[in-house]
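Residue numbers (numbering that gives the first Met the number 0), protein chains in the order written: chain A, 0 to 119; chain B, 0 to 752.
Note that these hints are calculated values from the structure, not bench results. The beta carbon of each residue, even a glycine, is placed where N, CA and C say it ideally should be. Hints are all accurate, no fakes.
Label-pair ranges, simulated between beta-carbon atoms:
{"hint": "1", "chain 1": "B", "residue 1": "R475", "chain 2": "A", "residue 2": "D72", "range": "55 to 61 Å"}
{"hint": "2", "chain 1": "B", "residue 1": "G624", "chain 2": "A", "residue 2": "A26", "range": "31 to 37 Å"}
{"hint": "3", "chain 1": "A", "residue 1": "R44", "chain 2": "B", "residue 2": "G739", "range": "29 to 35 Å"}
{"hint": "4", "chain 1": "B", "residue 1": "R269", "chain 2": "A", "residue 2": "E60", "range": "51 to 57 Å"}
{"hint": "5", "chain 1": "A", "residue 1": "G103", "chain 2": "B", "residue 2": "D722", "range": "27 to 33 Å"}
{"hint": "6", "chain 1": "A", "residue 1": "G103", "chain 2": "B", "residue 2": "G624", "range": "28 to 34 Å"}
{"hint": "7", "chain 1": "A", "residue 1": "L11", "chain 2": "B", "residue 2": "E370", "range": "47 to 53 Å"}
{"hint": "8", "chain 1": "A", "residue 1": "L11", "chain 2": "B", "residue 2": "T558", "range": "34 to 40 Å"}
{"hint": "9", "chain 1": "B", "residue 1": "D722", "chain 2": "A", "residue 2": "E60", "range": "30 to 36 Å"}
{"hint": "10", "chain 1": "A", "residue 1": "R44", "chain 2": "B", "residue 2": "D693", "range": "30 to 36 Å"}
{"hint": "11", "chain 1": "A", "residue 1": "A26", "chain 2": "B", "residue 2": "P700", "range": "25 to 31 Å"}
{"hint": "12", "chain 1": "A", "residue 1": "T69", "chain 2": "B", "residue 2": "E370", "range": "57 to 63 Å"}
{"hint": "13", "chain 1": "B", "residue 1": "A268", "chain 2": "A", "residue 2": "E60", "range": "54 to 60 Å"}
{"hint": "14", "chain 1": "A", "residue 1": "D72", "chain 2": "B", "residue 2": "P600", "range": "43 to 49 Å"}
Residues of chain A placed beyond 10 Å of chain B at every Cβ, according to the derived structure:
{"hint": "15", "residue": "F25"}
{"hint": "16", "residue": "V27"}
{"hint": "17", "residue": "A35"}
{"hint": "18", "residue": "R38"}
{"hint": "19", "residue": "P55"}
{"hint": "20", "residue": "A58"}
{"hint": "21", "residue": "E60"}
{"hint": "22", "residue": "E64"}
{"hint": "23", "residue": "T68"}
{"hint": "24", "residue": "T69"}
Every beta carbon over 10 Å from chain B, so not counted as near; a handful from chain A, in silico:
{"hint": "25", "residue": "G24"}
{"hint": "26", "residue": "A26"}
{"hint": "27", "residue": "E28"}
{"hint": "28", "residue": "L39"}
{"hint": "29", "residue": "G41"}
{"hint": "30", "residue": "S42"}
{"hint": "31", "residue": "W65"}
{"hint": "32", "residue": "G116"}
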Amino acid sequence: MDAVLIADDDLLLRMVLRTALERRGFAVEEAADGDAMLRLLGSRRYSLCLMDAGMPGPALEDRCEWLRTTAPDLPVVMLTGQADVPCRTQCPDMRYASKPIDLGALDALLADAGLIGGQG
Amino acid sequence: MKAAQLSAAPAAELAARAARLLGAAAWSYDADSGIFRTSGSFTTVFGEGDESAAVLSETLALLPEPQRSVLRLSLEHCLSTGEPFDFTTALGGPTGRERQVRYVGEAVRDEDGEVTGAAGAVHDVTPILAQASSRDILEEHVRSRLDQMPTGMAFLGPDWRFTYINESAQRYLQRPGAVLLGGVLWELFPEIEGTAFGIAYRRAMEDRVVASVRGYFAPIAMWFLVTAYPVGEGIGFHVQDVTDDQRNVERLEESAGRLRAQAALLDAARDAMHVRTLEGEILYWNAGAERVYGWAAESMVGRTVCGLVAADRSAYDAAMETTLRTGHWSGELAMRTRDGRTILVDCRWQLTSAEDGHVSAVFAVESDITEMRHAEQERYRAQRMESLGVLAGGIAHDLNNVLTPVLLSAQLLGDSVRDPQEVELLGSIEAGARRGADLIRQVLLFARGEEAERRVLDVDSLLAELADFCRKTAPRSIDVEFLAPSRPLRVTADRTQLMQVLVNLVTNAVDAMPGGGALTIGAAPVDGGRGRVGFTVEDTGHGMDAEVCGRIFEPFYSTKGPGRGTGLGLPTSLAIARRHDGGIDVVSAPGRGSRFTLWLPAADAPADSGEGIRPTPQEAPAGAGLLVLVVDDEEPVRDAVRRVLETHGYRTVEAADGRAGLELLERCEASGDPVAAVVIDLMMPVLGGANTLDRIRSERPELPVILTSGFDPSAGNESRPADAAVRFLRKPFAEAELLGLLGELRSRRRVLL
Numbered sequence: 000m001d002a003v004l005i006a007d008d009d010l011l012l013r014m015v016l017r018t019a020l021e022r023r024g025f026a027v028e029e030a031a032d033g034d035a036m037l038r039l040l041g042s043r044r045y046s047l048c049l050m051d052a053g054m055p056g057p058a059l060e061d062r063c064e065w066l067r068t069t070a071p072d073l074p075v076v077m078l079t080g081q082a083d084v085p086c087r088t089q090c091p092d093m094r095y096a097s098k099p100i101d102l103g104a105l106d107a108l109l110a111d112a113g114l115i116g117g118q119g
Numbered sequence: 000m001k002a003a004q005l006s007a008a009p010a011a012e013l014a015a016r017a018a019r020l021l022g023a024a025a026w027s028y029d030a031d032s033g034i035f036r037t038s039g040s041f042t043t044v045f046g047e048g049d050e051s052a053a054v055l056s057e058t059l060a061l062l063p064e065p066q067r068s069v070l071r072l073s074l075e076h077c078l079s080t081g082e083p084f085d086f087t088t089a090l091g092g093p094t095g096r097e098r099q100v101r102y103v104g105e106a107v108r109d110e111d112g113e114v115t116g117a118a119g120a121v122h123d124v125t126p127i128l129a130q131a132s133s134r135d136i137l138e139e140h141v142r143s144r145l146d147q148m149p150t151g152m153a154f155l156g157p158d159w160r161f162t163y164i165n166e167s168a169q170r171y172l173q174r175p176g177a178v179l180l181g182g183v184l185w186e187l188f189p190e191i192e193g194t195a196f197g198i199a200y201r202r203a204m205e206d207r208v209v210a211s212v213r214g215y216f217a218p219i220a221m222w223f224l225v226t227a228y229p230v231g232e233g234i235g236f237h238v239q240d241v242t243d244d245q246r247n248v249e250r251l252e253e254s255a256g257r258l259r260a261q262a263a264l265l266d267a268a269r270d271a272m273h274v275r276t277l278e279g280e281i282l283y284w285n286a287g288a289e290r291v292y293g294w295a296a297e298s299m300v301g302r303t304v305c306g307l308v309a310a311d312r313s314a315y316d317a318a319m320e321t322t323l324r325t326g327h328w329s330g331e332l333a334m335r336t337r338d339g340r341t342i343l344v345d346c347r348w349q350l351t352s353a354e355d356g357h358v359s360a361v362f363a364v365e366s367d368i369t370e371m372r373h374a375e376q377e378r379y380r381a382q383r384m385e386s387l388g389v390l391a392g393g394i395a396h397d398l399n400n401v402l403t404p405v406l407l408s409a410q411l412l413g414d415s416v417r418d419p420q421e422v423e424l425l426g427s428i429e430a431g432a433r434r435g436a437d438l439i440r441q442v443l444l445f446a447r448g449e450e451a452e453r454r455v456l457d458v459d460s461l462l463a464e465l466a467d468f469c470r471k472t473a474p475r476s477i478d479v480e481f482l483a484p485s486r487p488l489r490v491t492a493d494r495t496q497l498m499q500v501l502v503n504l505v506t507n508a509v510d511a512m513p514g515g516g517a518l519t520i521g522a523a524p525v526d527g528g529r530g531r532v533g534f535t536v537e538d539t540g541h542g543m544d545a546e547v548c549g550r551i552f553e554p555f556y557s558t559k560g561p562g563r564g565t566g567l568g569l570p571t572s573l574a575i576a577r578r579h580d581g582g583i584d585v586v587s588a589p590g591r592g593s594r595f596t597l598w599l600p601a602a603d604a605p606a607d608s609g610e611g612i613r614p615t616p617q618e619a620p621a622g623a624g625l626l627v628l629v630v631d632d633e634e635p636v637r638d639a640v641r642r643v644l645e646t647h648g649y650r651t652v653e654a655a656d657g658r659a660g661l662e663l664l665e666r667c668e669a670s671g672d673p674v675a676a677v678v679i680d681l682m683m684p685v686l687g688g689a690n691t692l693d694r695i696r697s698e699r700p701e702l703p704v705i706l707t708s709g710f711d712p713s714a715g716n717e718s719r720p721a722d723a724a725v726r727f728l729r730k731p732f733a734e735a736e737l738l739g740l741l742g743e744l745r746s747r748r749r750v751l752l
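Hey, can you work out the whole structure from these sequences and the hints?
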């Protein structure tokens, strides 16, 4: 079973994303901050990481740098609440998705990562 | 001359009357008889009694001393010598007053010339003497006054000799009167000849005119004002010491010069400066005031300042009241210029006092701050926008976080809920969340401007979506009518942004009709069909006057009242329209509804397929500075590919053949700037595309590669095992195809490998 890591400090958001992903057959784990996220990413292999760009913990650049070096193969989608947040210019090589995410957008992300049928 | 003659008829009576009136009397003395006769009026001179004839001794006895003795002696002298006499003597008259009596007499002779007596007159000269005395006093007074006068005065005879010179003149001429009197002017003061003073004297003397001259008299270092004028045969002149005056004049001229300089400074000042009386009459009006108000000083001085005051007379009066009470006032007033503009003026008013301390005028310095205030408002607006941007960015993240669970939950529940009513409720939740997200987007859009994602859109489908919105939101009291375009219309626009504008216009229209009305929405070609498409939203609501119409596109201007409008809807709409090379026009009148027209350039191309399907647009792939190696033997192709890639954020290195390409690949890796993707032409000299790909794969199995060829690429690829990191691109290829493939490979690299 593909495992998806949801890293977001918003409990409600994690809850609904977990529900949506579990319904689609994924194993879901949650991290409420950057430190927890990095800990979990180091502990096991995930098929996808959905990461809040603005959550507490290490700075975005540091997280991105960690991902590039430690988990270069992990598909990561940066969730952002703002249309043109500076992090896009800070870490331009990351994949981004704008909140609010709806089911259509979520499915597109999963398809993009090759985790469900569709494009890619 | 006998007594009989005196009493002779009428002539004698006349003589007697004259004598009486003049206070005189006649007398005679006959030496033979010793009789002293007096005329009738004699007694009125000397006392009571009629005309008399008596022995001399008796008459003399009547007279008081010293008169008696003087008369006797004079008579005796006259009789003995024949010489006349004339004396005046004091007489204690009967009234006791001191009087002066003049006796004149002469000898009376017979035919032989022998003195036989004497005759004469006696005259009361008291009044005459009194007159003479007062003349003397007057003369003395005049003389002393003249001498004491600060003005020097002198008279010169026709021979230029001084006949009079007062003390001041003596002082000015620095010679005593004794030396000057009788002296000739030109001999005493040869240095005067030829000077302005000398010329004035000669003119008065020779031309008999009054000549005035102000000049400096060097010998005594003084300034004099001299006036020479003809007097009798000679001349007179006044000399006034005007040395002090002259200094005053010089001071005045100096201060006048300073004033002129100050006036020039005042005129050069940007500020309007004026002085006005407490009643408002303009006394002074500088050039700045002319510049500010348009009125020239000539037309303002003497007029009242109230002519300037704009509509708010009460504000002016209040300011004036404060000025009078506290001595000064500063603040802003709306004023009217000559050409009728209303300007905002920063005023500093100060009461000024005359030298006597009497408050007399208001000195006003006023600057036109209309422009400044406008710029200030612009600055504030920009600051507000900036704050809004920061605020919006700050809240957008949180709000989108809040909305995501709402949206997702509603959708997830939708999978299991079957009750149509509940489905509808879930739909409302979802729609609400989406509208919230749109709102955030709108604020972000206005505050920062957002890159529009332009597509060719069918106007019909836009109107259909709008109709759907109206059905859901418009109250029943409003009749909504759609006027479909007569033929298919297309525009190039960001669908979301365009809908936002239309929804905003519709919402405003609905809000303008709280009591219901008709809402007409339509789209039609404008400008005769080609070129532009106009979307009209028309209501029958309360309408707007010209002033409101002029302000509705200002940010934060809202007529909807606190808590209702953000004041951002129309400004954002206009901003969006302009970013689409379009605009918004409005026609409205109070009570007659409003018609808003959003116009956009028409699009010729067919509408993009799939528009509106993707709720969240995918981010377009961008180069992000990744290094791409381009290997192609044709330089124009390399150039074209490089241009495309660099335009979209990639960096490129180029090689003309496979071998050079591989060398470059290694060099880049060695330098720490590895190549992220390779674009290889299949048909190349030295090392063909396929061989190059093999070499690349031996070392770098995951490096994304795009193979380009003018031939069907599948032909040369049949024997090749499937390589996920390779894409084929057939020449000639479109920019989008190349970029799309690169993006695909990049995301694949991250997502799949």
